[in-house]
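Asker: Listed below are the residues making up each chain.
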Amino acid sequence: MRLLDTWRLAILAMAIGLLAAGLGAGNALAARGGLAITPGILEHVARPGGVGSVKVANTTSGPMTVRLAVRPWTQRRGGAVAPNRRRTLDKVRPNRRAFALRAGASRTVRLSLARRPARGSLYGAIEVTGTPRRGGKNVKVAYRLVSSLRLFPLASARRYRAKPRRLFEHGSVRRGALLLAVKNAGNTIDPIGGRVRISGRGHLLKGVVSPTTILPGATVNLRLTRLRGTLPRGSYTVAARLTQAGRRVGGVKQRVRLR
Amino acid sequence: MSSPARARLASLVALTALLAGACALARAQSPVTGGTVPSTLELSLGEASGFKRTGSTRRGNVYTATVRAEVTATDAPARLSTGGEGDASLMRSLRSWSEPVSHGVATVRLRAVAPSARALRGRSKLFVVTLTAGGP
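Protein chains in written order, with our numbering: chain A, 64 to 322; chain B, 2 to 137.
Isolated chain B, as found in the complex:
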């Protein structure tokens, strides 16, 4: 291949790579500035950190784990709460949004009481993170 042809090929490769990079960056970071979105409710959770001992009570040691939550709710108000399986009145409110929210972030703390870390590992407690939106 002659030198001018190689130069043209190299320029083409450079241009393609730059365009691909720009497209990927635009997809990742460009915010939506307008338009209509369908009414939706979405809750995303990250990987939960392992339980760490954070204190103790008469019933045993207190272990705490954290998980990152991301909330999208087109209907306000939205409320993020946590608790085990059971009565809704026992739910602990974590964060509220009075306006529609897109990718709102909150850190959820999960708390468990067990005599030891080994006993905690043996248990299969299910934590439920609840997102309520829109109201009645």
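Chain A extracted, bound-state conformation:
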């Protein structure tokens, strides 16, 4: 009797084991797999020669055609950044631009900088597109990963500079914002922020400009303050101090009319 119970226990335990093993496999198969790139951000000093490598892995169960391109970023006035898909960064050369990857395989792509960038730094997007050789049911879906390439200037060549451009009101005094277009005239991507002081008509408003990453050479509208009816219509003096990496990089003192 005791022997029979032990065998029953053994069968029950085996069933539990098989169920658990199946659960593990089920979790692993929940996604069909995809495309991976390591590292997510590639950082190096902007010096001609090798600047590092990225490993591209195909984790799907089928073969894939992979294309790799290094593109410049574009930045909108609102601050949004996207890779410019019409251009490539000629100065950065990958040793492979297109290759096939078997299921579960990976390949390392080395990147090199052909010559020193004019600004002393270079920021771009590493775009890896993987197209499965076999499509799904009427639907063919490709993977695209966009990671970041940061080629920093040498410590001695770092320039921090911001050029304030147009100071303007967006919206109205009831519901709007006071914006200052700022160009990053330096060669780093340290966020640019600062302090603002708005005075006039018996009112004084002090605020902090939240730090925003601006690409070198790009211009972004920084919000100096929100306007929610706290200031009446009229003419005001706006003084803004811009800072980057803890140092003062520019400023503006200007009169503006709020409507």
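These aren't lab readings, by the way, just hints derived from the structure by calculation.
Nothing here was measured: the structure is a model prediction, and the numbers come from that model.
Each residue gets a CB set at the ideal place from its N, CA and C atoms; glycine is no exception.
You can trust all of the hints, since none of them are fake.
Here are the simulated lysine-lysine pairs, DSS-like style, with alpha carbons at most 25 Å apart:
{"no.": "1", "chain 1": "A", "residue 1": "Lys246", "chain 2": "A", "residue 2": "Lys154"}
{"no.": "2", "chain 1": "B", "residue 1": "Lys53", "chain 2": "A", "residue 2": "Lys203"}
{"no.": "3", "chain 1": "A", "residue 1": "Lys226", "chain 2": "A", "residue 2": "Lys316"}
{"no.": "4", "chain 1": "B", "residue 1": "Lys126", "chain 2": "A", "residue 2": "Lys203"}
{"no.": "5", "chain 1": "A", "residue 1": "Lys269", "chain 2": "A", "residue 2": "Lys246"}
{"no.": "6", "chain 1": "A", "residue 1": "Lys269", "chain 2": "A", "residue 2": "Lys316"}
Residues from chain B that keep clear of chain A, each with C-beta distances beyond 12 Å, as calculated:
{"no.": "7", "residue": "Gly36"}
{"no.": "8", "residue": "Thr55"}
{"no.": "9", "residue": "Gly56"}
{"no.": "10", "residue": "Ser57"}
{"no.": "11", "residue": "Thr58"}
{"no.": "12", "residue": "Arg59"}
{"no.": "13", "residue": "Arg60"}
{"no.": "14", "residue": "Gly61"}
{"no.": "15", "residue": "Val63"}
{"no.": "16", "residue": "Arg96"}
{"no.": "17", "residue": "Ser99"}
{"no.": "18", "residue": "Val114"}
{"no.": "19", "residue": "Pro116"}
These stretches of chain A come out as covered by chain B in the derived footprint (C-beta under 8 Å, 3 or more residues):
{"no.": "20", "segment": "102-111"}
{"no.": "21", "segment": "183-195"}
{"no.": "22", "segment": "208-221"}
Given chain A, work out where chain B should sit, using these hints.
Answerer: Just chain B now, with coordinates in the frame of chain A:
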């Protein structure tokens, strides 16, 4: 084989099976609670559902398919978007993560316009799901 020996063998089989099961379960479900991970970006897509007609426009019928996406990005912010081959500004943002994400899930809707289901089957439109992480 004598009865005590059989009993010992059965106990051994039971213990081995339990251990194997526990190991498989632990592998499948135990979360990583700490440590350093290399900077990585990964996009996994499940099997896409077939196109189903969901509406119509002047240009033809609208067909929609869905695909499950799983995102791992150690560098924030991460943004999942979709679109055909072409300009990045035409990409439609689907979901954003402001913090590093591990196995974040999103459902991607793929939309196509065609006069009929047969015409849709004949086309070879490539949908691209894009994962952007880290920013400049």
